[in-house]
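For this one, chain B is given, so just place chain H on it according to the hints.
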Amino acid sequence: MRRLDELTPGEEARVRAVQAPGRLLRRLFALGIRPGARVRLLRRAPLGDPLEVRVGESLVALRKQEARDVVLEDEG
Amino acid sequence: MNCPRCQAHPVKPTPRARKIALLGNPNTGKTTLINALAGSHLQVGNWPGTTVERLEARERTPEGERVYIDLPGAYSLLSSTPEEAIATRALLEDPPDALLVVLDAGNLERNLPLLLEATELGLPMVVALNLMDEARAKGYVLCPKALETELGVPVVPVVASRGEGVAELKAALDRATLPKPALTYPPAIERALEAIEAVLEGPARRARAALLLAGERVPAPQVAKRAAEAARAELAELGIDPYLELTGARFARARDLFKRALKGHNPRPTLTDRIDRFVLHPVLGPALFLLGMLFVFRFTFLFSGPWVEFIGRVQEVLSGWTWGLGLPPLLASFVSGALIAGVGTVLSFAPVLFFLYLAMGFLETSGFLARSAFIADRLMHAVGLPGRAFIPMILGFGCNVPAIYATRTLESFGDRLKTALAIPFMACSARLPVFALFAAVFFPKHAALVVFGLYLTGLVLGLLTAALIGRIAKTEPASGVMELPPYRWPPLRVLLAQARVRTMDFVRGASGPILLAMVLIWALLHLPPGPIAQSLYARFAQLLAPLFAPLGFSDWRLVGALVPGFIAKEVVVGALGVSFLGAEPTPALGLLAGAQDLAAAFLTALKETFAALFALIGLPQLLPPAEAPAPGLAAALTRATDARGALAYLVFVLLYTPCVATLVALRQELGRRWAAFSVAYQLSVAYLASFLATRMLP
Chain B
1 MRRLDELTPG EEARVRAVQA PGRLLRRLFA LGIRPGARVR LLRRAPLGDP
51 LEVRVGESLV ALRKQEARDV VLEDEG
Chain H
77 MNCPRCQAHP VKPTPRARKI ALLGNPNTGK TTLINALAGS HLQVGNWPGT
127 TVERLEARER TPEGERVYID LPGAYSLLSS TPEEAIATRA LLEDPPDALL
177 VVLDAGNLER NLPLLLEATE LGLPMVVALN LMDEARAKGY VLCPKALETE
227 LGVPVVPVVA SRGEGVAELK AALDRATLPK PALTYPPAIE RALEAIEAVL
277 EGPARRARAA LLLAGERVPA PQVAKRAAEA ARAELAELGI DPYLELTGAR
327 FARARDLFKR ALKGHNPRPT LTDRIDRFVL HPVLGPALFL LGMLFVFRFT
377 FLFSGPWVEF IGRVQEVLSG WTWGLGLPPL LASFVSGALI AGVGTVLSFA
427 PVLFFLYLAM GFLETSGFLA RSAFIADRLM HAVGLPGRAF IPMILGFGCN
477 VPAIYATRTL ESFGDRLKTA LAIPFMACSA RLPVFALFAA VFFPKHAALV
527 VFGLYLTGLV LGLLTAALIG RIAKTEPASG VMELPPYRWP PLRVLLAQAR
577 VRTMDFVRGA SGPILLAMVL IWALLHLPPG PIAQSLYARF AQLLAPLFAP
627 LGFSDWRLVG ALVPGFIAKE VVVGALGVSF LGAEPTPALG LLAGAQDLAA
677 AFLTALKETF AALFALIGLP QLLPPAEAPA PGLAAALTRA TDARGALAYL
727 VFVLLYTPCV ATLVALRQEL GRRWAAFSVA YQLSVAYLAS FLATRMLP
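Those protein sequence lines, which keep their order, are chains B and H.
64 is the number that this note's numbering gives to position 64 of the first sequence; each next residue is one higher, with no gaps.
592 is the number that this note's numbering gives to position 516 of the second sequence; each next residue is one higher, with no gaps.
Chain B with its partners taken away, still in its complex shape:
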């Protein structure tokens, strides 16, 4: 089971589930990170954390720990 923080920069995947607690879940949903959405990891910050993700037309930053709550579909 792959998670969002395991993507390599430039890689894209579909979100299967968001297993975050209340407020964080709402925040991720609001920004478009929700089941079915395609996310692409753009880059990691210079110090390795947080990550920058593109979802639709939005650029979203989130910490590694928060990205772990986003489960991705297996490819293929």
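Note that these hints are calculated values from the structure, not bench results.
Since we're looking at a predicted model, the values are computed, not measured.
Each residue gets a CB set at the ideal place from its N, CA and C atoms; glycine is no exception.
Be a bit skeptical, because a hint or two may be false.
What the hints assert, rightly or not - Listed next, with one range per pair, are the computed distances between beta-carbon atoms:
1) R748/H with R68/B: 39 to 49 Å
2) G10/B with G747/H: 38 to 48 Å
3) V217/H with R68/B: 36 to 46 Å
4) P263/H with G10/B: 38 to 48 Å
5) T260/H with R38/B: 23 to 33 Å
Just chain H, lined up with the frame of chain B:
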């Protein structure tokens, strides 16, 4: 014939909408749109019971006054941040006459769920499809008419920054209508909503029912809350999460609406992608980030410096004139030393704040602030602060007051609290004259080391404070999830208008407390009239002095100078001079000589502002050349204490209390209780740290 009263007050047609609230996702250009709609008649205040900024603008129309209210940016009425909760509460508790929903046309699909949620509020509505220029640049061809047909409300394409479509939008606001029902939910959810609606009264029943069903805390009668709980329990038994169902239905409908409005898409790499390749580059990014921070710091203080000095000159000239009036000395001293000096102190913060607000406004609207937060997040997270806290902390080294106002850009109250309480520990430039004086007199060989050590001590204690406050206030750490908005060129008009109203807000709030403090300290120093050694000030200081014996400085003149230091820490030096060497009389100034002085000072300020344009790029001067202390003062100081006491005194001055203007800022941003806390807390920390400092020297 006609009733004379009616002639005097002809009946005007009542406008359809007098109070219009702007609702939209963050970064959709709502503030720019308000500015385009109502000119620059902006007003700022706070949302009731919060320290979140509330911006509104009034426009005079032939039919009467129209008020536009900028709601905090929200992705949904189902809040995930306190700001979103404010928007929801404002809409439910004090509903506007009409709702203007602002959408980012270049990110339409993600903006539509909020619009759909808003249709359930039962308010007349108009939609502004803003940022059409960006949408075109991204290759989107959109059809606003399709949205209009689907929603049944006017949809107006707009480019707020250039004023395009604004006239059409104003006209559409007179046609604001109730939207068509736009959403249907799965049967189980519909049934639950209807059950809650049945026990609700008043407007926005569908919206409130949906909020209650999703578990949101909104004001509602007990019976409705119980109905919502029952419905939630019932759905839970069926394995249905109402939040997922509600948002799922909205997202699906948003996608459908988006497809109907989309006439073509020809994706193109955006300017943002290209800029980010440099700004967020692993190596180049941090370098640009540091340069950017330096730029903001220097912009704020280099441009404001000449005007702060100018205000000081005006103050001197006014004092000189006062002394030239032939008033009784005590009265002249009161007018010049308390009133003029007080007003001058308040005003001297205005240029600093104005330029800071310009810089912060630029960073925030341009998109650079979010990038700097992205780069600094890891570093700041180590001490429990978000990346956005970096800029306020750095600004603190220039002046604590603008630094505390800069914490407004932090997202959660907890983060603002931690950062704002840490900022007064940053050694601001007003403390430098005190450091320079004592370091030169007592540690001539290690002056730079001592000053550097003080800066470092302040920084470390500030960061520890942030960590400590996080623990004791049990504030929920803000999530790191944030949007990196596209780069945009901020409209200068909006930046200037915002900087102006925010600066005026400070001047209004700070005038009272600063004047009061000035009058009190003047009274201490000058009553009863006579030599300073017999003043209330001396007696008060002598009373306090034994408290400081353990710190190695108990000379009443040293202790006393801490009291006026509350006005601004640099005043400590002047107060020491007066109490050790006696006051220098203020020279009286003739009308003409004073006017000449003012004109010259104004020209100098103008010239230096231009010079600052070039100095912006130069390297910062960390330690301005210290003026040699007056020999009399140096000798008197060495008689009053030793090196150990001097070090303790420096540590105490570094830490003991936020100055009165900083306190005003803390009160405005955090509330009275936390401002009081910061005084007590810092006094304790200062006492303890000074005591430890005396143990460090042999």
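Hints versus structure:
Distance hint check for R748/H and R68/B: the Cβ-Cβ separation is about 41 Å, which falls inside the suggested range of 39 to 49 Å. Between G10/B and G747/H the CB atoms are about 47 Å apart, so this pair conforms to the stated range of 38 to 48 Å. Judged by the Cβ atoms, the range 36 to 46 Å given for V217/H and R68/B holds: they are separated by roughly 39 Å. Against the hinted window of 38 to 48 Å, the Cβ-Cβ separation of P263/H and G10/B comes to about 43 Å, which satisfies the hint.
In this structure the supplied range 23 to 33 Å holds for T260/H paired with R38/B, their Cβ-Cβ distance being about 26 Å.
When held up to the earlier numbered hints, the structure conflicts with none and fits them all.
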